[in-house]
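Asker: The chain contents come next:
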Amino acid sequence: MTKSELILRLAEANPHLFHRDVERIVTTIFDEISEALARGDRVELRGFGAFSVKQRDARTGRNPRTGESVAVIDKIVPFFKTGKLLRERLNAD
Amino acid sequence: MSGQTITRADLSEAVYQQVGLSRNESAALVETVLDEICDALAQGESVKISSFGSFAVRQKGQRIGRNPKTGEEVPILPRRVLVFRASHVLREFINKRQ
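Here the protein sequences line up with chains B and X, keeping their order.
Taking my numbering, the leading residue of the first sequence gets 3, the next gets one more, and so forth.
Taking my numbering, the leading residue of the second sequence gets 53, the next gets one more, and so forth.
Please keep in mind that the hints were generated in silico from the structure rather than gathered at the bench.
Just to be clear, a hint being listed does not mean it is correct.
Unchecked claim - BS3-like, lysine-lysine: derived pairs with alpha carbons at most 27 Å apart:
1. B:83 <-> B:5
2. X:121 <-> B:86
3. B:86 <-> X:100
4. B:56 <-> B:83
5. B:56 <-> B:5
6. X:112 <-> B:83
Said to hold, decoys possible - Residues from chain B that keep clear of chain X, each with C-beta distances beyond 10 Å, as calculated:
7. 8
8. 31
9. 67
10. 68
Just so you know, these numbers come straight off a predicted model, no measurement behind them.
For every residue, glycine included, the Cβ atom is placed at its ideal position computed from N, Cα and C.
Could you build all of it, start to finish, from the sequences and the hints given here?
Answerer: Dropping the structure here:
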């Protein structure tokens with residue numbers, strides 16, 4: 003399912019809403035999560051999962067093909083932990 | 053890292069501010085979005101949200117684990133796990149503002 007398919011499914015389930023409003027709802031949700039992560043905040047959605055960010059220190063990496071050393075700068079990476087309910091649903095049978 | 057926690061209530065509030073719907077309906081729609089994603093994943097479908105990231109279901113085979121406290125061997129049954137891969141756009145966005 004892609005973002006546009008998600009919007010279509012929501013629009014079908016909510017025929018009273020304008021399509022552009024459904025689009026805005028989905029966009030707002032993911033923008034809000036992205037903004038929170040950019041601030042270093044955690045996003046906890048019970049039953050679904052939690053998004054957080056982790057700090058990765060600078061390190062000396064290696065080009066696996068040539069074996070050459072390369073400096074990798076420190077960075078922040080997003081992280082997702084699946085919620086308990088969703089994890090159980092994935093293994094329901 | 054500032055360490056604030058964002059919840060459904062914050063997402064609903066953002067939807068309420070952005071779209072001209074009631075607070076109740078905004079909250080219900082946030083829930084519906086999450087439900088639709090969960091339903092798709094529970095059916096083994098992957099979910100790709102452009103400029104955000106993708107969620108995919110992976111099948112894990114059985115393996116022998118060990119109770120770290122007792123050292124006892126326990127079989128870990130085959131299971132399905134969810135993996136999230138952030139898009140390049142999100143990765144760059146998060147690193148831009150520090």
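Asker: Are the hints correct? Go through all of them and say.
Answerer: Evaluation of the provided hints:
no.	hint	result
1	B:83 <-> B:5	holds, 21 Å
2	X:121 <-> B:86	holds, 23 Å
3	B:86 <-> X:100	holds, 21 Å
4	B:56 <-> B:83	holds, 12 Å
5	B:56 <-> B:5	holds, 26 Å
6	X:112 <-> B:83	holds, 17 Å
7	8	violated, 6 Å
8	31	violated, 5 Å
9	67	holds, 21 Å
10	68	holds, 24 Å
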